[in-house]
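Keeping their order, the protein sequence lines are chains W and G.
Counting from 58, one number per residue, gives the positions in the first sequence under my numbering.
Counting from 128, one number per residue, gives the positions in the second sequence under my numbering.
The set of hints was computed from the structure by calculation and includes no laboratory data.
Among the hints, a few may not be true.
Straight-line distance between alpha carbons at most 27 Å, and here's what the computed DSSO-like set of lysine-lysine pairs gives [stated by the list, open to error]:
#	chain 1	residue 1	chain 2	residue 2
1	W	LYS121	G	LYS404
2	W	LYS121	W	LYS154
3	G	LYS567	G	LYS525
4	G	LYS567	G	LYS484
5	G	LYS511	G	LYS484
6	G	LYS293	G	LYS567
7	G	LYS238	W	LYS74
8	G	LYS484	G	LYS404
9	G	LYS187	G	LYS238
10	W	LYS121	W	LYS82
11	W	LYS285	W	LYS249
12	G	LYS187	W	LYS284
13	W	LYS82	G	LYS238
14	G	LYS484	G	LYS525
15	G	LYS184	W	LYS82
16	G	LYS484	G	LYS615
17	W	LYS82	W	LYS154
18	G	LYS615	G	LYS567
19	G	LYS508	G	LYS525
20	W	LYS74	W	LYS154
21	W	LYS367	G	LYS187
22	G	LYS293	G	LYS508
23	G	LYS511	G	LYS525
24	G	LYS484	W	LYS249
25	W	LYS82	G	LYS404
26	G	LYS293	G	LYS238
27	W	LYS82	G	LYS567
28	G	LYS525	G	LYS293
29	G	LYS404	W	LYS74
30	W	LYS367	W	LYS311
Given the structure is predicted, the values throughout are model-derived calculations rather than measurements.
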Amino acid sequence: MPHLYPETELHNPQSAKPPLDPHLKALENEAIHIFREVAAEFERPVMLYSIGKDSSVLLHLARKAFYPGRVPFPLLHVDTGWKFREMIAFRDEMVEKYDLDLVVHTNPRGAAENISPFSHGSALYTDIMKTEALRQALDAGQYDAAFGGARRDEEASRAKERIYSFRTPDHRWDPRNQRPELWNIYNGMIRKGESVRAFPLSNWTEVDIWRYIQAEEIPIVPLYFAKKRPIVERDGMMILAEDPRLELLPGEVKREEVIRFRTLGCFPLTGAIRSGATTLDDIISELETATVSERQGRAIDRDQAGSMEKKKREGYF
Amino acid sequence: MTAPALANAALDETAVAHPSQEPARVARDSRPLRLITCGSVDDGKSTLIGRLLWDTKAVKEDQAASLQRDSNGKQNDLGLPDFALLLDGLQAEREQGITIDVAYRYFSTDKRSFIVADTPGHEQYTRNMATGASTADLAVLLVDARAGLLEQTRRHATIATLMGIKQFVLAVNKIDLTDYDRARFEQISHEFRELALSLGVRQVTAIPVSALKGENVVYDGRASMPWYDGPTLIEVLELATTRSAQTVGFRLPVQRVSRPGESFRGYQGTVAGGSVKPGDSVVVLPSGMVANVTKIVTFDLVRNAAVAGDAITLVLDRQVDVSRGDVIATIDSQPMTGLAFDAQLVALQPEGIQPGKRYWLKSGSRRQRVQVQPVSQLELKSGKWNHADELPMNAIGKVHLAFDEQAIFDTYEQNRTTGAFILIDPDTNNTVAGGMITAKRAALGGIHADESRVILSLPADLADQLMATELFASRREDAEVRRVTAAKAVEIIDTIDE
Ligand SMILES: Nc1nc2c(ncn2[C@@H]2O[C@H](COP(=O)(O)OP(=O)(O)OP(=O)(O)O)[C@@H](O)[C@H]2O)c(=O)[nH]1
Ligand SMILES: [Mg+2]
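Turn these sequences into a full structure, and let the hints steer you where they fit.
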């Protein structure tokens with residue numbers, strides 16, 4: 058007679074939470090499968106943790122994938138030094154709460170050469186403080202696989218990327234020669250020095266992310282919710298004006314507005330949106346009727362046509 | 128919905144104006160439908176998906192603005208934006224005006240949500256088409272109404288069928304360039320139905336379409352084609368079925384063994400068929416050890432059952448040796464284990480598939496060495512399988528697989544997960560083929576080693592005549608044929624004692 062699990066323990070302690078709908082369940086299953094596959098096939102995986110909503114979902118899925126074990130790889134945060142203050146506070150809280158290993162890397166050139174998005178322009182700044190910094194951190198950790206939270210619906214070159222995205226020893230992506238990727242069978246064979254970027258959220262859309270955050274009650278940085286905040290308008294973007302390093306240019310005025318952010322990155326390059334959405338329900342219904350895409354608020358994507366593909370070829374996530 | 132009047136060649140403003148209504152709220156009471164577009168070069172696959180995204184309001188204002196900007200200068204005669212640019216996101220694609228790699232896009236109507244893979248038509252990039260086809264529930268096969276069915280159309284239809292796609296939409300595109308010629312549409316549909324029948328596909332809907340002008344895509348094309356009263360593309364897609372996980376019994380390919388502490392040992396993986404509940408007896412393959420399931424652990428709760436598709440952690444009632452690559456399965460209906468299997472595959476790289484070469488084979492979480500012997504190759508024009516010793520790039524072939532260690536499979540017919548595999552070239556680490564298991568083979572020296580066999584030595588012309596017979600063709604898989612000189616044949620026969 059097989060030993061059956063005692064009845065009482067069949068009860069879900071969180072059973073107040075309704076089960077996921079089939080759409081989200083399928084996405085969740087796929088992501089967990091990818092997490093486990095990478096963790097099993099690679100020697101030194103790492104998870105890129107950018108603290109945004111996608112990273113929050115990614116982290117949640119990683120915890121689910123390896124439960125009841127710990128997340129078996131470190132989180133890597135490439136800190137440009139220009140992140141929103143609330144993001145850093147949130148990051149440290151998560152690390153503490155979930156017993157995670159965190160590696161933080163900042164490109165030493167940033168401090169040495171005083172590189173800022175204001176004085177160097179968004180393209181050069183991104184190149185040094187994000188792309189180059191990421192390459193440094195991945196080399197230093199000798200990571201052979203790095204999870205990222207990128208989604209194919211974000212941008213046209215992302216839409217072309219495999220779930221296991223192969224990178225040369227100098228972190229380059231060759232979009233013209235990607236490995237075929239059939240079914241859910243992933244080819245993780247690489248030579249020394251080569252690596253793979255793995256994207257468990259490839260098939261998620263922005264709405265899926267929000268609906269999942271809601272269904273799973275996943276904590277996110279409060280900047281996603283509308284609140285009265287100090288802003289200044291620059292290049293058609295509303296920038297959060299709370300950091301003393303933000304110097305007002307002639308003609309600019311600081312004012313308060315009820316705003317929120319649809320994506321989070323470096324505060325000088327991330328535009329806020331006017332919104333009264335203070336709850337997840339509000340955010341989702343705002344999104345379902347939105348007429349502009351989420352990347353619209355990001356300066357980095359607007360630099361030039363095909364700019365994301367170019368950055369990715371050079372090693373950007 | 129009725130299309131904006133498009134009767135005149137002159138363009139009606141509203142056809143191009145960005146739709147301003149609210150985007151549809153997504154229905155999520157089911158899995159999304161996964162579909163691909165395929166067909167020959169320039170038949171309009173990317174344009175069709177671009178149009179689909181545009182007309183279902185999946186294109187946001189900022190994206191629409193950059194599309195209008197990017198289309199500038201290369202506008203078509205109709206002054207419409209180049210909808211293909213919504214898909215062809217790589218710089219090389221935009222420069223050459225072709226699709227190189229598959230693009231995945233997401234859209235929805237108020238009835239359901241869709242994941243669409245727009246695949247390249249170029250023969251050179253067939254591997255990327257196969258990538259898209261492997262996970263699709265439905266294929267939209269495009270044909271240029273002026274050109275009709277081409278070899279590449281047949282190749283794509285065949286690959287899609289091999290990969291288990293059973294629902295096809297034939298989009299006879301660029302119908303506007305034939306003056307909405309009904310006879311032409313019917314002729315192409317007829318031709319395709321014959322091809323489909325030979326491939327064993329019964330579910331075909333043929334639709335005359337202008338991807339560029341958006342006729343019979345989301346809006347109907349009645350104004351230009353009063354003779355067509357069938358469904359629009361989106362109507363067919365909304366009613367299509369998603370492939371349900373075939374149930375041949377419970378399968379759990381083990382991805383990882385979870386040992387967070389002394390007291391817990393769980394086997395992690397995604398259920399690849401059937402279902403499981405605590406108390407079930409299971410077998411661990413290839414070892415054959417038997418155990419009972421005590422619990423199914425997930426992050427949220429200890430569950431009383433798991434079904435195909437669920438990512439779970441399984442706990443068994445006794446210490447058995449289980450490692451990554453093993454398959455935990457139901458006892459009553461086990462997968463096949465063995466050293467030799469028959470398969471069909473698509474060769475995806477310039478080196479093709481070389482006879483006797485040892486590749487890595489990965490199926491589920493199991494990776495092992497395999498020797499691949501090509502048997503025959505499909506001739507696309509005639510649909511005939513011709514004898515082949517090697518398979519060039521893009522060939523569809525039948526092969527024998529020979530393993531050093533036990534392999535575990537279902538047929539692809541029965542299980543799209545445990546019956547599928549990829550081949551990896553150990554020299555390049557690249558994925559060189561996608562394959563589907565058709566049967567287990569009686570290996571020489573295997574359990575059928577005592578079966579009686581006959582070795583014949585025949586003049587080549589007589590052998591050719593025999594092999595041309597239908598009887599031989601139907602048992603081709605069972606026969607081993609080697610061409611040697613008469614002297615060598617005598618030598619071999621002489622070495623046989625009786
Ligand atoms: N007149 C007309 N032109 C069309 C139609 N559909 C596509 N085209 C044009 O045909 C050309 C090729 O279209 P694409 O969508 O790039 O073709 P494709 O099948 O995606 O090509 P590959 O992906 O490179 O194989 C473009 O110039 C389109 O504008 C149509 O229905 N009518
Ligand atoms: Mg195309």
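Notebook entry, point to check: Hint by hint, which ones does the structure fall short of?
Noted result: Hints 8, 11, 18, 27 and 30 not satisfied by this model.
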